[in-house]
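Protein sequence lines correspond, in order, to chains Y and S.
So the first sequence is numbered by this note's numbering: it starts at 4 and just counts up by one.
So the second sequence is numbered by this note's numbering: it starts at 1270 and just counts up by one.
It is worth saying that the hints were derived from the structure and are not from the lab.
As the structure is a computational prediction, the values presented were derived from the model and not from experiment.
The reader is advised that the hints may include incorrect statements.
No farther apart than 30 Å at their CA atoms in a straight line, the calculated lysine-lysine pairs in the DSSO-like style are these [to be verified]:
hint	chain 1	residue 1	chain 2	residue 2
1	S	Lys-1450	Y	Lys-91
2	Y	Lys-69	S	Lys-1537
3	Y	Lys-91	S	Lys-1537
4	Y	Lys-26	Y	Lys-69
5	Y	Lys-71	S	Lys-1689
Covered stretches of chain S (in silico footprint by chain Y; criterion: 3 or more residues with CB under 8 Å from a CB of chain Y, positions within the stretch not fixed) [as the list claims (entries may be wrong)]:
hint	stretch
6	1412-1421
7	1763-1770
8	1804-1813
For glycine and all other residues, C-beta sits at the position ideal for the given N, C-alpha and C.
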Amino acid sequence: MQVALESFGQWQVIRVTGQVDSKTVGDLRDFIDTELKQGHPVALELTEVPFMSSAGLRTLLTLQRKTKDMGVELALIGVAEEIADTMKVTGFYQFFTIHASLEAIPNS
Amino acid sequence: MDLERIDNLPTDTISGFRVRPGKPLPFGVSSVPGGLNFSVYTSAGTSCTLVLFSRSEEAPLGEIRVPDHYRIGDVYSIVVYDLDYEDVEYGFRIDGPYNPEEGHRFNSENVLMDPYARVLSGREEWGVEPDWSKQYQYRSRVAFDDFDWEGDSPLEINDADLVIYEMHVRSFTKSDTSGVKFKGTYAGITEKIPYLKALGVNAVELMPVFEFDEFENSRIHPDTGERLFNYWGYSTVAFFAPKAGFAASGKFGMQVDEFKQLVKELHKAGIEVILDVVFNHTAEGNERGPSISFKGLDNKIYYMLTPEGYYFNFSGTGNTLNCNNPVVRNLVLDCLRYWASEYHIDGFRFDLASILGRDPWGAPLSNPPLLESLAFDPILSSCKLIAEAWDAGGLYQVGTFPAFGRWSEWNGKYRDTARKYLKGDEGQVGEMAQRVQGSPDLYQSNGRSPATSINFITCHDGFTLADLVSFNHKHNEANGENNCDGGDDNHSWNCGAEGWTEDLGIRNLRTKQSMNALSMLMTSRGTPMLLMGDEFGRSQHGNNNAYCIDSPISWVDWTLLESNRTLYSFTQALIHFRHKHPCLRVNSFVHGGSHSLPSCSFHGTTPWQVNWSADSRQLAWLMTCNREDQEIMDAVYVATNMAHYATWFDLPQIPAEYSWQLCFNTGDSQSPYLDTPITFNEHGILVGERSVVIFQVSPRET
Chain Y
4 MQVALESFGQ WQVIRVTGQV DSKTVGDLRD FIDTELKQGH PVALELTEVP FMSSAGLRTL
64 LTLQRKTKDM GVELALIGVA EEIADTMKVT GFYQFFTIHA SLEAIPNS
Chain S
1270 MDLERIDNLP TDTISGFRVR PGKPLPFGVS SVPGGLNFSV YTSAGTSCTL VLFSRSEEAP
1330 LGEIRVPDHY RIGDVYSIVV YDLDYEDVEY GFRIDGPYNP EEGHRFNSEN VLMDPYARVL
1390 SGREEWGVEP DWSKQYQYRS RVAFDDFDWE GDSPLEINDA DLVIYEMHVR SFTKSDTSGV
1450 KFKGTYAGIT EKIPYLKALG VNAVELMPVF EFDEFENSRI HPDTGERLFN YWGYSTVAFF
1510 APKAGFAASG KFGMQVDEFK QLVKELHKAG IEVILDVVFN HTAEGNERGP SISFKGLDNK
1570 IYYMLTPEGY YFNFSGTGNT LNCNNPVVRN LVLDCLRYWA SEYHIDGFRF DLASILGRDP
1630 WGAPLSNPPL LESLAFDPIL SSCKLIAEAW DAGGLYQVGT FPAFGRWSEW NGKYRDTARK
1690 YLKGDEGQVG EMAQRVQGSP DLYQSNGRSP ATSINFITCH DGFTLADLVS FNHKHNEANG
1750 ENNCDGGDDN HSWNCGAEGW TEDLGIRNLR TKQSMNALSM LMTSRGTPML LMGDEFGRSQ
1810 HGNNNAYCID SPISWVDWTL LESNRTLYSF TQALIHFRHK HPCLRVNSFV HGGSHSLPSC
1870 SFHGTTPWQV NWSADSRQLA WLMTCNREDQ EIMDAVYVAT NMAHYATWFD LPQIPAEYSW
1930 QLCFNTGDSQ SPYLDTPITF NEHGILVGER SVVIFQVSPR ET
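Full structure from sequences and hints, please.
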């Protein structure tokens, strides 16, 4: 798994590539803790993430809480169908705003 | 002041793992700072080894022999640091004597499942046959207890106000006709919540959801040669773990979250969740069965054994859990407390509950400690406790189940009486009157209330409602036991032809009989229970014991919702009628009724005069109460004519300021229920052959 910070308009984009599971999720969490800047909405770009384990999904919730505390928007981008299904049946989905691509973010 | 705690630091290194002595409670695995605490009980075991695996790997990651000084009493506990919570799977090897005559079956070659495991892997997908050569089949994992409930808590609906809907998780939505995305799963039920809400039920009772082995059945379908299943799951593998194969997310190990999501969404819709729990036996069978957990941990403690060390079989399924041993009793309590607190479960229905009242040698106890503990438990105090008040060893306790003022019962006598009365058997009127008012003959003298009685005419055991009116005999050939399995005392009537028929007269009579049954059920005091699909005529083609069938025979066929739309709408209207009328839900045998009429009175073709003789097939009941905080009376009059000829019923007199309104008439095939009840100015009504009419009162406009 690789993580990189990009920008898209005013959005700060965390681009994740590869699978997010208990082995890699720590890196993502560390990245979120150290790299996020105040005052800009956050987009988590997951188009290149084929699989996300339970621990990965839980990190999304951590990120959701963190952005809420920071008072900025959070959007998930390009969530694979299987991951979205798992998020739906387990109740994670309802906590997020999800878009197919960065371009699909309204007023982006 | 924030001190670093030194008791969170490892004290030893064993097999390369950093460890320290653990805490004996809670049993199972729990997280502590930096590590996981493992705790397991064995009274006769002589050593304990914790076996750790990486997810799905056959070979262990490592084995940690728990040092003897880590044992307190009969409990081995150890904290292991630096484990990957999500990846790790674990089990135990317990050494000790192998001496079946003495009751001991220890074998340190086996890796045993943690009896307190909250998540299991190894059976993530339903019906995918496991590799039986693998030595460790049900692999204990670590659960995340961090579900976001968003303020949800159990609903605590009054028992008397419930309308229970019994369902099998897989059967409910497995069929393609269900139209849901996640077929046959917890999530599939979540998708159907709008349907349940529209129907009007406010509790679902789920057939077993504790992990079980669907392959625990060696029989073969006699025609197709396909393997038969233990489809219903009345055979528990793990009491704390939801069945992974019922979860769309089971392959990701997220069945816990998916099940919690189902409970949360049902609660949002005002629907309680009752679990059908099986504590009378386990999936380990008898001396020829597998050693999954209890057998190898402490066989003599967990099972009722004969003096020769064989398994008592009061459950009819191989073994009997030793529920009145204090250790096993605590396991049952821990289990129910866990489901009530961690999953927000509203109630439990106990399969073959009478077994839970037997002593370790099988004799019925007068004050069974387990049943008492459950009745007075602080965490379970608002949970419904429902007993199936009989067992396979001949104990039948409907009306005499040790209730401690708390337990309600599946009222098997309600089912039998209603069925016999429905098909026009003679000599049923007197007993039917008892059943309709909540069975005071069974529950009044011991101080219970009508809601002690779970009234039902059909349940998973036996015919569906459509089959009850279509078959005189069971047709269980598909079960592979030469039609010898399943009950023969069905009290069913096929209405003129056995099974499927083109005869319209017979078909219409069947629909009418179904409506008659539902009418009696929904206007009886006590708590009604409906079997899934009965509201639109679900059939199992005469199979009255489809415990092993995973096919369209046991799956709900949702096309029937359209083809039997009238029956569905009728049932829906009845359920809503019940919710609207408090007089039907009075939960007292000594209730004073309304200002001018008693709480429950019986009538015949002439008001206040019932023909109680054996050849009578007419009975009417009038239930009344005062509406809360109002002077207005609520009253419902139900006239049932189970004779094969139409009969005139004079309506009882009511105060002049009220009028009768006709709401249901099963004899009117065009409009058996009235969307807008019509005011009825006649002094009586001709009730058709085998028909039921239902009236309500309404204050006259002044």
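Now the hints, each set against the structure:
1. Between S:Lys-1450 and Y:Lys-91, the direct Cα distance comes to roughly 11 Å. Compliance with the 30 Å bound is thereby established for this hinted pair.
2. With a CA separation close to 27 Å, the supplied pair Y:Lys-69 and S:Lys-1537 stays within the 30 Å bound.
3. A C-alpha spacing of about 16 Å is found between Y:Lys-91 and S:Lys-1537, which places the hinted pair at or below 30 Å, so the restraint holds.
4. With a CA separation close to 22 Å, the supplied pair Y:Lys-26 and Y:Lys-69 stays within the 30 Å bound.
5. For the hint pairing Y:Lys-71 with S:Lys-1689, the CA-to-CA distance comes to about 63 Å; that exceeds 30 Å, so the pair is violated.
6. For the stretch 1412-1421 of chain S, the assignment as covered by chain Y holds, since 4 residues bring a beta-carbon within under 8 Å of that chain's beta-carbons and 3 suffice.
7. For the stretch 1763-1770 of chain S, the assignment as covered by chain Y is violated, since 0 residues bring a beta-carbon within under 8 Å of that chain's beta-carbons and 3 are needed.
8. Counting residues of the stretch 1804-1813 of chain S whose beta carbon lies closer than 8 Å to any beta carbon of chain Y gives 0, which falls short of the minimum of three for the stated coverage.
In this structure, the hints that do not hold are numbers 5, 7, 8, in rising order.
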